[in-house]
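Enquirer: Those sequence lines, one after another, are chains Z and Y. The opening residue of the first sequence carries number 1 in my numbering; numbering runs sequentially from there. The opening residue of the second sequence carries number 1 in my numbering; numbering runs sequentially from there.
Hints are supplied without guarantee of correctness; some may be wrong.
[Claimed, not checked] When the alpha-carbon atoms are kept at most 20 Å apart in a straight line, the in silico EDC-like pairs for lysine to aspartate or glutamate are as follows: (1) 307(Y) with 110(Z); (2) 501(Y) with 248(Z); (3) 187(Z) with 247(Z); (4) 307(Z) with 201(Z); (5) 187(Y) with 237(Y); (6) 166(Y) with 237(Y); (7) 501(Z) with 434(Y); (8) 166(Z) with 248(Z); (9) 187(Y) with 417(Y); (10) 307(Z) with 56(Y); (11) 307(Y) with 417(Y); (12) 18(Z) with 49(Z).
Bear in mind the hints are in silico, worked out from the structure with no lab data behind them.
There are 2 protein chains.
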Amino acid sequence: MTEPRRRLQTFDDPSHRKGPERIAALRAALREAGIDGFVVPRADEHQSEYVPANAERLAWLTGFTGSAGSAVILAEAAALVVDGRYTLQAPAQVDTGAVSVVPLAEQTAEAWIAEHLGRDRVLGYDPWLHTPDGVARLERAAARAGGTLRALAENPVDSCWAGRPKPPAGRVSAHPEALAGQTAADKLARVRAALAADSCDALVISDPHNLAWAFNLRGADVGHTPLALGYAILPREGRARLFLASDDIDPALTAALDPVAGIAPRLDLDEGLSTLAGARVRLDGATGAVALKERVEAAGGTVDVGKDPITAMKAVKNAAEIAGTRAAHRRDGASVVRFLAWLDAAAAQGGLTEIAAVEALEDFRAAGGDLRDVSFPTISGSGPNGAIVHYRVTRETDRTVRPGDLFLVDSGAQYPDGTTDITRTLAIGTPTPEMRDRYTRVLQGHVAISRAVFPQGTTGAQIDAFARAPLWRAGLDFDHGTGHGVGAFLSVHEGPQRIAKTGTVALEPGMILSNEPGYYAAGRYGIRIENLVLVEPRAIEAGERPMLGFETLTLAPYDRRLIEPALLDAGERAWIDAYHARVREALAPLVDGPARAWLERATEAIGP
Amino acid sequence: MTEPRRRLQTFDDPSHRKGPERIAALRAALREAGIDGFVVPRADEHQSEYVPANAERLAWLTGFTGSAGSAVILAEAAALVVDGRYTLQAPAQVDTGAVSVVPLAEQTAEAWIAEHLGRDRVLGYDPWLHTPDGVARLERAAARAGGTLRALAENPVDSCWAGRPKPPAGRVSAHPEALAGQTAADKLARVRAALAADSCDALVISDPHNLAWAFNLRGADVGHTPLALGYAILPREGRARLFLASDDIDPALTAALDPVAGIAPRLDLDEGLSTLAGARVRLDGATGAVALKERVEAAGGTVDVGKDPITAMKAVKNAAEIAGTRAAHRRDGASVVRFLAWLDAAAAQGGLTEIAAVEALEDFRAAGGDLRDVSFPTISGSGPNGAIVHYRVTRETDRTVRPGDLFLVDSGAQYPDGTTDITRTLAIGTPTPEMRDRYTRVLQGHVAISRAVFPQGTTGAQIDAFARAPLWRAGLDFDHGTGHGVGAFLSVHEGPQRIAKTGTVALEPGMILSNEPGYYAAGRYGIRIENLVLVEPRAIEAGERPMLGFETLTLAPYDRRLIEPALLDAGERAWIDAYHARVREALAPLVDGPARAWLERATEAIGP
C-alpha cells in the first residue's frame with residue numbers, strides 16, 4: 001500500500017486582519033531606531049517571484065499575498081503599491097484604513113514617497129531586498145521630498161515578527177545531463193566567454209534560477225519552482241564557488257561539480273566576496289542586492305552592474321530541453337484532457353466547486369506520472385472569480401459552479417523534463433452571445449500570436465498588439481501582458497523574453513513563451529486562453545529575410561461551445577481545426593474511456 | 001514683372017573626395033593637442049536634425065551628408081557609424097580607405113571606441129555637441145578600452161576648416177497667435193506648472209523647436225525648419241530670457257514678448273547661466289549640451305537632467321494648429337494632384353528626370369500659395385534610386401525615368417499654418433506582378449495603421465507591427481520606423497511620438513504622425529506610401545475603454561495601377577475607396593483642367 005500523496009496546494013486564506021497592529025508595531029520599532037519610514041517590498045534576497053516563507057514580510061505585515069507589490073510605512077501614512085493584476089485583490093486583503101492601496105498605473109512607490117515622505121525625514125530600507133537601481137530610485141524619491149534614504153543592517157520587520165519561519169534548507173540535487181542537454185563545465189565556459197567579452201573578471205550569480213541552470217542543480221527552497229537559494233562566484237579563471245542556504249546536498253551533485261565548482265555554506269558568502277579585491281565584478285542589475293555591491297566594493301573590487309549573461313543563455317532552450325518540454329506537454333495534455341472531460345461531467349451533475357476542480361486537476365496530473373509540483377497555485381475562477389486575473393481560491397472564496405458561468409482554469413506543472421502552463425476557459429451550461437463574442441475575440445488574438453511570422457530581431461513588444469487588435473476593434477482590452485517566458489523545469493515565469501509592452505528583447509529560436517490574451521468583465525466572468533509556444537525559424541518561399549514563428553507546445557482543446565464561427569476568417573478557422581487535429585492525434589493514444597470520447601468530440605472541426 | 005522665385009532646393013553634390021586630406025589635417029591637430037582621437041557627431045549645439053552650415057563638421061570632414069551619424073577619428077583608424085537609412089549612401093560618399101563605414105545595427109560608436117581606442121589613450125570631444133548621457137556613454141566606452149575621455153574647449157575640426165561658414169543670423173519674427181492658438185504667456189504658465197510639479201526652479205530651453213513653440217516665434221537659421229537658434233532661461237518666477245544667435249529680430253516680436261520675456265544676444269548666455277546659483281535647473285536630456293550642465297553647476301546650480309516639458313506640450317496640437325494643418329494639407333494636396341497629373345503626362349512623353357520632378361513639384365507648391373520652404377529636400381528616386389531610403393538627387397545621380405520603373409517621391413512643405421510630408425510611389429509604364437504584390441502589401445500595412453483602433457495609453461511601438469505584418473507574411477520587411485511625429489509649421493520630424501520600435505510614449509489626441517511603411521528592392525526599386533495622420537478619440541459602440549484612432553490629414557490618390565485588388569480584403573478595399581472619395585471631394589473644387597480630369601480617374605473605386 002502506498003502512502004497517500006501529499007497535496008501540493010492548500011486553500012487556507014493566508015491573509016489576515018492584523019495589519020493595523022503589525023504596522024503599529026513596525027512604527028514603534030522605526031521610532032526607536034530613529035527612522036521615519038521603511039520600505040517593505042514583496043522580495044527576497046534574490047528578487048525572486050516565489051519567495052520562502054521567512055521572506056514573506058509584506059504578507060505578514062499587510063495581509064496582501066500577491067506576487068508583486070511594495071509597501072511604504074511612514075509615521076502618519078502607509079501605502080501598498082500594486083500592479084494591475086492586484087488592484088482588485090489588494091483592497092480585499094488589506095485593511096485599507098491602515099494602508100492605502102495605490103495602483104501602480106496611477107503612482108509608483110517612488111512617486112508616493114516623493115509626495116508623502118516629507119522634508120528632513122529618513123526613509124529606511126533593507127539592502128538585501130533592493131537592487132542598486134532600485135535604491136537609486138528610492139534615493140531620488142526621498143531627495144525630491146527633501147528627505148534622505150538610509151540602509152538598515154537589520155530588517156525592522158523581522159524584530160516585530162514573532163514566529164517568523166526559519167530559512168528554507170531543501171534538498172539540493174543534480175539535474176541529469178540528459179535533460180539539461182549540456183554539462184555545467186560547458187555552460188560555465190560559455191559564461192566565461194561572455195564575461196571576457198565584457199571585460200569582467202568575475203560574475204556574482206545572484207539569481208537562483210541562473211544558479212540552477214549553470215550548475216545543473218535543482219532545489220526545494222521555495223514553492224513551485226525547484227530552486228536552491230544561494231549565490232555563486234564565478235571567476236574568469238579557476239573554480240567557481242557556490243554558497244547555498246541548504247546543507248542537504250546530494251553527494252552526487254558535489255562530486256559531479258567538483259572539477260568546476262566547490263559548494264560552501266551561505267554563511268561563507270561574505271568571505272567569498274572579500275576575495276574579489278581588484279577584480280571587475282559583474283553583478284546582475286535585476287536580481288543582485290545592493291548589499292552584494294557594497295561588499296564587493298568594500299573588498300576593493302569594482303562592480304559592473306549589468307546583465308548576468310546566464311539569463312539570456314538559459315532563455316534559449318537546447319535540443320534536450322526542447323525534447324523534454326515537448327514530452328512534458330504531451331503528458332500534461334493527456335492529464336488536462338482527462339480533467340476537462342471529468343469537469344464537463346461534474347459540472348453537468350451540479351455541485352462542482354472551484355477547489356474540487358483544483359484537486360481533481362492535481363490528482364489527474366499526479367496520476368499522469370513524474371509530477372514534481374504544480375508550477376504555480378492553480379487559478380480556478382468561476383463566474384465573477386474568473387475576472388480576478390490572479391485569483392487564488394480559498395475555503396472562504398470557494399464557489400459552486402453554476403449553469404451560465406464561465407470557468408477559467410489556469411494551471412501548470414513541474415516535471416523533471418519540463419514546465420507547463422495552460423489556461424482554458426469553459427462554458428458551464430449555455431453561454432450568452434456576449435460571452436461567445438468575447439471568447440472568440442480572445443481566441444482570435446491568441447490565434448494571431450500562434451500564426452505570427454516576424455523577422456529575426458523582433459521583440460515581444462512588437463507583436464503584443466496582434467493579440468489585442470480583435471478586442472481593440474470592439475473597444476475592449478486586457479490589463480496584462482500577452483505572454484511571459486517559461487523555463488525548462490525551472491520558473492514558469494522566466495525572463496528576459498516576454499510578449500508584452502515591456503518585452504524589449506529579441507525573440508530567438510528556442511525561447512518558450514506563453515500566449516495568453518484574456519478579457520475580464522469585472523463581477524461577472526473572466527476569459528483567458530493560454531498555450532505555451534516555442535520560437536522557431538520559419539522558412540517562407542521567396543522571402544528575403546530570416547523569419548521566425550511559433551510552434552505551439554501545449555496540447556488541449558479550446559471550448560468549441562464558446563467559439564462564434566461567424567467572427568472568424570478562413571485562416572483563423574483553418575488554424576483552429578489544424579490545432580485540434582494535432583491535439584487529437586497526439587493525445588488520443590494516451591487517453592481512453594470517456595476521456596477519449598470527450599477528446600474526439602472536443603476536437604471536431606469548426607468547419608467553414 | 002515679378003522677380004524670379006528663388007529655388008528652395010539645389011542639386012549640387014555636397015560631398016567631396018577630400019576626406020583623406022582633411023582627416024590627416026585633423027589628426028595633425030589632435031597630435032599637437034596631445035589627444036589620441038576625436039568624436040565628430042553630426043550635431044550642432046542643439047542636437048538638431050537640420051544643422052546650420054557652420055556645424056556641418058561631419059560632412060566637411062568625411063563627405064557624408066546624411067542627417068545622422070558619428071565619426072570617430074583615431075590615429076590609426078577611423079569609423080563612421082550610420083543607421084540603416086544610410087548604409088548604402090555612406091559608403092558611396094566617403095573614402096572608405098580613410099574611414100570605415102560601420103552600420104549602427106552591427107556596432108555602436110561606443111562599441112567601436114571600446115574596441116579600437118586602446119589602453120591609456122585619450123579621446124576628445126566637444127562638450128557643446130554631446131548631451132550628458134552621450135558623454136557618459138563615451139566615458140564608459142573609453143573606460144572599457146582602458147582609456148579616458150577629455151572635453152576640449154575648442155573643436156579641433158574648426159581650426160582645420162578653412163572657409164568655415166559664419167553662424168546663421170536669420171530674421172526672427174512672431175508666429176501669429178491665430179495660428180499658434182495660445183499666447184506665449186499662457187504657454188509659459190503651463191511650462192512653469194510642469195516645473196513646479198517636478199520641484200524645479202528653472203528651465204534651460206536648449207531645443208530651438210521648443211523655443212519657437214513656447215515664445216511663438218519663428219526664424220530662418222537652418223534649412224527647411226523655421227528655427228531661430230538660441231536658448232532661453234525660464235525661471236519659475238519672473239521674466240524669461242532668450243539668448244538668440246541672430247540680432248535681426250522683428251521689433252513686433254520683442255514688443256509682444258516684453259511682458260513675459262527679454263531677448264539678449266547669444267553671447268550673454270554664460271552670464272545668464274551664472275545667475276542660477278542655488279537653483280534646481282531642468283535641462284533637457286535629449287538636446288541640452290553637457291556644456292550647459294557644466295556652466296550651471298559651475299555657477300552653483302543643481303542640474304536635473306530630464307525632459308523639457310515643452311516637448312510633450314508641443315506634440316499635442318491645439319484646435320488652431322489642427323485647423324491650420326488641415327488647411328495646409330488641402331492646399332498641399334491640390335498642388336500634389338497637379339504634380340501627379342503632370343508627372344503622368346511627362347513620364348508618358350519620355351525624358352522625365354528626377355530633378356525635373358523635384359522642380360516641378362516645388363513650382364506647383366509655390367504656385368499654390370503661402371509656401372515658405374520645403375519641409376525637407378525632396379526624395380525623388382526612380383528605379384534603383386528609389387531603394388535608397390533617404391536618397392537625395394544630385395546632378396550626378398540624376399536619372400531619366402523609364403517605362404517599367406517605379407518612381408518614389410517623398411516631399412513636404414512648410415506653410416505658415418502647417419507642415420506637410422507625403423510619399424507617393426508611381427508606376428511608370430506597366431509594373432511587374434512583383435511590384436504590384438509589394439506595393440499592395442505596403443499599402444495594406446499603411447491602411448492597417450490608418451484603420452487602427454487602440455486604447456488610450458497605447459504607444460507607437462505597440463502598433464508599428466500592424467504596418468509590417470502583410471510584408472512579414474511574405475518574408476519581407478523595411479528597415480525604418482513606420483512613422484515620425486510632425487510639427488505645426490515646425491520640424492517635419494518632431495518627437496516624442498513615433499510609430500516605431502522606439503516609440504515609447506503614449507499616443508495622444510492632437511498628435512500628428514506620419515504613416516509610411518515601405519519596401520526596398522536594392523538596385524531595382526523602392527516603394528513607400530506616406531500620409532500624415534492625426535490622433536483622435538474614437539467612439540466605439542458598446543466599447544468599455546476610451547479608444548483612439550487616426551484621422552488621415554494628407555489628401556492625394558494612391559496609384560491604383562499598382563494595387564492588386566485580389567490581395568485586399570473587403571475592409572481594406574472599402575477604406576481605400578472611401579479615402580479616394582474623400583480626396584476627390586476635398587480637392588476637386590481646387591483643381592481644374594487636366595489635373596481635375598486626372599483626379600477623377602485616379603480616385604475611382606477599386607470595387608469589390
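Enquirer: Now, for every hint given, state plainly whether the structure supports it.
Expert: For each hint, the structure was consulted:
For the given pair, residue 307(Y) sits about 18 Å from residue 110(Z) by alpha-carbon distance, which is consistent with the 20 Å threshold. This hinted pair does not check out: residue 501(Y) and residue 248(Z) have alpha carbons roughly 48 Å apart, beyond 20 Å. A distance of roughly 24 Å separates the Cα atoms of residue 187(Z) and residue 247(Z); the hinted pair therefore is violated under the 20 Å criterion. Taking the CA atoms of residue 307(Z) and residue 201(Z), the gap is near 14 Å; set against the 20 Å cutoff, the hint holds.
Only pairs whose Cα atoms come within 20 Å are accepted, and residue 187(Y) paired with residue 237(Y) is accepted, the gap being roughly 14 Å. Between the alpha carbons of residue 166(Y) and residue 237(Y) the distance comes to roughly 36 Å, so the proposed pair goes past 20 Å and is violated. Of the supplied pair hints, the one linking residue 501(Z) and residue 434(Y) is violated, its CA atoms being roughly 35 Å apart against a limit of 20 Å. Taking the CA atoms of residue 166(Z) and residue 248(Z), the gap is near 15 Å; set against the 20 Å cutoff, the hint holds.
At most 20 Å may separate the alpha-carbon atoms for a hinted pair to count; residue 187(Y) and residue 417(Y) meet this at roughly 19 Å. This hinted pair does not check out: residue 307(Z) and residue 56(Y) have alpha carbons roughly 38 Å apart, beyond 20 Å. For the proposed pair residue 307(Y) and residue 417(Y), the alpha carbon gap of about 27 Å is over 20 Å, so the pair is violated. Only pairs whose Cα atoms come within 20 Å are accepted, and residue 18(Z) paired with residue 49(Z) is rejected, the gap being roughly 24 Å.
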